[in-house]
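**Student:** Listed here are the chains, written in short residue letters.
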Amino acid sequence: MDKILEVKNLKVSFRTAGGILKAVRDISFDLERGKTLAIVGESGSGKSVTSKAILGILAGNSIIEGGKIIYDGKDLLKIDEEEMYKLRGDKIAMIFQDPLSSLNPIVKIGKQITEAMLLKNKAARRESRKNFNDMLALLAKNMEAADGQSGARIRELAKTFDTFCIRANKLELRYNQADAEAEAMLSSLEDLCFLIEKKQKVDVKGRLKEYRGRLKKLQDPFYSANYKAQIAELAGCLDKAAASGKGYPPELTAALRRCEELLREIRSQEKPVFFRIGYFELKNPDADLHGVPVEKLNQMSLDFLNDHFMNEFIALAAGGVKYSHEISYGKKKQLLPRMEEAKSYFQGDFDKAGAEKLCKTLSAGVEDAIDRLEIAKDSMAYTFRTSLGNAIEKYFYYRKHNPKEEARFERQSKKRDALIARGRSVDWKVVPKVVCDLEELRQEILDVIGELEDSWKAQLSADTEEDFEKRAVGIVDYLKEQASRVVYRVTRSMAREKAIRLMEEVGINEPRMRFNQYPFEFSGGMRQRIVIAIALSADPEIMICDEPTTALDVTIQAQILELINRLKAERNLSVIFITHDLGVVANMADDIAVMYAGKIVEYGTADDIFYDPRHPYTWALLSSMPDLDTKEKLDAIPGTPPNMIYPPQGDAFADRNKYAMQIDFEQQPPMFEVSPTHKAATWLLHPNAPKVEIPKIITERIERMKKAGGVQNGQ
Amino acid sequence: MDSKREQEVLLKVEHLSQHFGPVKAVDDVSFDIMKGEVFGLVGESGCGKTTTGRSIIKIYDITSGSIYFKGQRICAGVRSYKEESARVRKDTKAAVKALREDTAKNPGKKAENDRKIAEKTEEMKKLLAENGEQIRRARFDHKYSDREYAKKLVQEVRKKYEPLLKEASGDSRKLAELKKQYKSDLKIAGKTKLITKIQMIFQDPIASLDPRMTVSEIISEGLVINGIKDKKYIEERVYEILELVGLVREHAGRYPHEFSGGQRQRIGIARSVIMSPELLIADEPISALDVSIQAQVINLLNELRTRLDLTILFIAHDLSVVKYFSDRIGVMYYGKMVELAPSDELFAHPLHPYTRSLLSAIPLPDPHLEKKRTRIVYNSLESHDYSVDKPSMRELTPGHFVYCNDAEEQKYRKELGI
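So the sequence lines, in the order shown, correspond to chains P and Z. Every letter in the first sequence is one number past the one before it in the working numbering, and letter 557, counting from 1, is 557. Every letter in the second sequence is one number past the one before it in the working numbering, and letter 8, counting from 1, is 8.
Hints are computed from structural coordinates only; laboratory data are not their basis. Please note: incorrect hints may appear among the correct ones.
Stated by the list, open to error - Partner residues are not named here, just some residues of chain P that face chain Z (Cβ under 8 Å, in silico):
#, residue
1, Arg25
2, Ser43
3, Glu466
4, Ser523
5, Leu628
6, Lys633
7, Ile637
Claimed, not checked - Covered by chain P, per the in silico footprint, the following chain Z stretches (three or more residues, Cβ under 8 Å):
#, region
8, 295-302
9, 311-325
Using N, Cα and C, we set each Cβ at its ideal position, and we do this for glycine too.
Start from the sequences, fold in the hints, and give me the full structure.
**Tutor:** In structure tokens form, the structure reads like this:
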């Protein structure tokens with residue numbers, strides 16, 4: 001169970017002219033890595049608001065009343081805009097509902113897809129270079145401090161590392177680009193052969209010209225050194241075929257086939273390890289490595305690297321890591337009693353100035369105690385300052401605000417009562433009061449400190465011996481990764497190629513032509529595909545799909561869903577899929593949360609929700625849509641969702657629920673656990689509740705489905 | 001549905017083509033809609049299903065083909081006749097040229113060839129004249145079908161009132177009253193258009209309602225245009241229709257923005273049924289609505305269908321809904337109708353590869369089945385070889401039409417076991 005995103009007790013409301021609209025009322029869910037969570041509900045149920053809260057793009061009149069959204073150890077509701085900016089679109093991407101409003105009408109499609117790629121790449125390179133330098137400098141500093149004597153030697157080692165690491169990555173990049181070229185050409189070739197075979201119209205000359213260009217780009221010393229002669233010969237063949245005039249001469253097909261074979265062969269060769277080669281080349285600039293078999297090359301350069309550099313470097317780095325680790329431990333130990341003191345301070349009566357001062361000193365101590373050489377960052381410590389600061393600020397805000405709000409409520413209620421007593425008709429309601437429990441807020445402050453304290457205590461008491469060498473290797477890997485990002489430069493033409501590939505991937509015909517068109521020249525379905533392509537262009541970790549297929553028709557919907565599923569598998573993407581159509585999510589979702597009026601009413605795995613639904617709203621959703629075997633009248637849900645400015649006292653669905661009991665109108669049902677994975681908030685699950693039959697239309701469907709599934713299982 | 005009613009064709013579409021420049025949005029589509037049935041039209045976006053619906057209601061002038069409503073031609077295009085004329089001219093020209101060359105080679109045959117040339121030219125002239133007549137008639141029908149219909153109605157009104165007037169000739173008060181009514185009826189009949197018997201419901205309930213008109217104005221607009229001036233009658237009709245579609249009288253004075261999506265769609269439906277249409281074209285009426293509201297609207301349409309004896313052309317891309325709602329379904333692909341069958345038959349024995357791919361893409365509310373479902377990908381180049389043998393619409397079993405060529409027909413027949 002690897003949770004990538006956790007939402008805990010999220011509450012969001014909106015300030016509107018009519019009062020405070022409670023859009024999301026205390027919801028919690030987890031998203032696991034590589035899994036899909038579907039949030040199902042009708043419009044106004046708060047599903048889009050939840051997703052927007054995750055991305056930090058809520059409208060200006062929103063109030064986040066409480067809760068946490070934890071990604072990568074950080075609470076997304078607390079981190080600052082600067083940090084959010086790095087995550088948004090890059091790590092967490094979103095596909096919006098309305099493809100009309102999410103594209104710029106006066107910019108060409110191609111530019112819109114490549115724009116983010118180019119900008120993000122530029123920023124990422126700068127950022128990675130900074131990370132690389134900082135980490136290396138920090139490591140060197142610690143190494144020096146640990147070793148004590150060989151300062152000059154360490155500085156030299158660090159410098160060498162810097163030079164060859166970047167160099168190796170440049171070599172690798174060139175290799176990869178040549179390989180990508182070959183891949184693109186191969187798929188284009190297959191396509192062309194197919195079209196020729198089917199005697200379709202195709203611009204052969206244009207394609208051949210393109211291939212000539214590509215063949216040139218294949219020339220990388222490590223990639224195609226052994227195939228130089230063949231490539232040159234093939235290029236000649238293609239030229240001849242291109243010059244031979246109209247029609248498809250048999251020589252052309254033969255040449256294309258040979259081209260295909262050659263490319264396959266080139267692509268099947270083993271890839272050398274460039275990190276080692278980089279060092280080897282740096283130290284032996286005259287050695288000619290081209291044409292040396294890959295295996296031999298790898299072994300030779302590995303030995304050379306280890307003997308001359310790596311063994312020494314790792315040993316020193318391990319010393320540095322150990323040193324930094326020990327210092328950090330000492331500081332943490334010192335800080336624990338002070339945390340205890342702070343807790344007792346906040347438990348008592350405290351004033352604003354004192355609390356803020358304490359917060360300042362404590363966070364400074366915590367930040368000082370962090371072991372900066374940790375790769376997996378202890379983000380609880382990193383965000384300690386903002387979390388504690390926010391919690392304190394909120395406490396004092398409500399301490400001041402609560403009495404005012406009470407007074408207002410009192411005043412308005414009195415006025416209304418007086419009007420009614422005088423026999424006037426009153427067509428307005430009193431806006432409910434917004435107050436926060438101060439004790440709860442105090443507990444929040446204590447929790448922030450307590451959580452960090454507990455985690456540090458656990459760390460300190462765990463007496464397992466740390467493998468510092470392993471951690472040193474981890475740091476080297478981290479540096480390697482950063483270096484590869486530094487050299488990874490996306491050029492305009494690369495971005496264009498990638499955009500065209502993405503456009504093809506999402507099912508847009510003739511991407512090369514459409515690349516230069518404007519959004520108004522696309523149909524709704526096509527625009528949605530463009531939006532998906534833009535979201536994918538950043539290679540995100542989490543993708544939030546807000547009704548991505550609602551505007552599309554079945555085949556395209558199926559294609560887009562398959563596309564999302566495939567990307568999920570290939571890139572280990574985690575997906576939050578928001579929709580109102582339960583049919584769509586059966587294939588997609590691992591877990592499903594059914595939302596109604598800002599609350600999750602049922603939560604479970606896809607099997608739970610589809611085969612064993614418990615909440616009347618889920619029943620209603622399932623039975624209101626026909627499937628292929630439905631003949632009888634549909635069970636429409638009567639009425640419309642409630643106005644969330646005046647949230648109903650009991651179960652929000654009670655008004656439209658034909659199974660509603662008296663208690664549903666009076667009291668909010670808690671989450672009853674059906675099974676460890678399955679929960680539902682309905683009084684029907686209470687032991688004292690009367691037995692209620694699930695609507696026939698659903699039981700019949702489940703029976704039928706089970707039968708059909710069983711038959712397929714048996715096959 | 002009894003078999004007698006099914007025989008009556010309400011709408012007949014023949015070789016309908018709608019070209020926008022080089023784009024063939026609809027290309028040679030033919031189908032009939034029987035009285036009282038729901039005819040579903042499915043296909044992916046851009047396949048021409050909406051264009052077909054709009055062509056029927058004359059939003060576009062069609063390129064070629066004819067559409068008959070209640071036996072009367074209401075739309076007609078002339079492209080096919082023009083092409084036919086061009087072909088005849090070209091053929092004759094070629095034939096004449098060949099004959100002239102023949103004469104140049106052997107002058108002995110001159111007399112015979114001249115006779116042949118004269119014959120050919122005569123034949124061409126005859127064909128061209130025929131075609132010209134067709135074109136003239138098509139243009140006339142296309143332009144004046146409503147006028148002709150109104151003329152017919154006026155005559156009917158006259159026929160109805162003549163004996164009544166004669167009867168009442170003695171009583172002057174009764175006569176005056178009758179005359180007044182006669183006059184207003186004549187006026188209404190003169191303004192009635194055949195096309196108002198076909199009404200359309202649009203996809204987007206928000207965009208299709210004028211935000212500055214009250215609900216009552218929106219709904220009654222059709223009646224007002226039709227020349228009805230009796231305010232009380234209009235009001236009554238509006239109330240009646242509002243209640244019919246599940247709204248209440250109080251809603252009549254409100255504006256569209258005060259309603260939810262489902263209610264707005266109900267207003268759209270009310271606006272179309274107040275003209276007591278015989279054919280309703282529902283262009284994706286539920287795609288823009290929430291799930292719980294979708295079911296309400298489908299149930300409403302189903303109810304109206306039985307109560308008002310409506311025939312519905314239901315255009316949608318949600319196949320489960322189309323299956324649930326329609327009696328017969330036509331599948332369109334890139335402007336062509338590729339398969340047409342009763343809905344149960346279509347889902348039980350889909351024949352055309354595109355239909356199969358479409359059916360395989362339907363999402364089902366069942367995770368286990370879904371995980372096993374494989375989508376069939378349709379590629380028209382791979383699936384068919386139409387280079388030699390040209391395809392056409394063929395009826396394989398009664399009522400089940402497929403667009404295929406001889407080889408494919410054999411294959412399909414084998415699959416069906418006939």
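**Student:** It remains to establish, for every hint, whether it holds in the given structure.
**Tutor:** Going through the hints against the structure:
Look at Arg25(P): its Cβ only gets to about 20 Å from chain Z, farther than 8 Å, so that hint breaks. With a cut of 8 Å, the hint placing Ser43(P) at the interface with chain Z holds, because the nearest CB-to-CB distance is about 5 Å. Evaluation of the Glu466(P) hint against chain Z yields a violated restraint, the C-beta minimum of about 43 Å exceeding 8 Å. Taking 8 Å as the C-beta cut-off, the interface hint given for Ser523(P) holds, the closest approach to chain Z being about 6 Å.
A hinted interface residue such as Leu628(P) counts as satisfied when its beta carbon comes closer than 8 Å to some beta carbon of chain Z; here the least separation is about 5 Å, so the hint holds. A hinted interface residue such as Lys633(P) counts as satisfied when its beta carbon comes closer than 8 Å to some beta carbon of chain Z; here the least separation is about 6 Å, so the hint holds. Using the Cβ-Cβ criterion of 8 Å, the hint placing Ile637(P) at the interface with chain Z is satisfied: the shortest such distance is roughly 4 Å. With 5 residues carrying a beta carbon less than 8 Å from a beta carbon of chain P, the region 295-302 of chain Z meets the three-residue requirement, and the given coverage holds.
As drawn, the region 311-325 of chain Z meets chain P at 8 residues by the rule of a beta-carbon pair under 8 Å; at three or more, the given contact holds.
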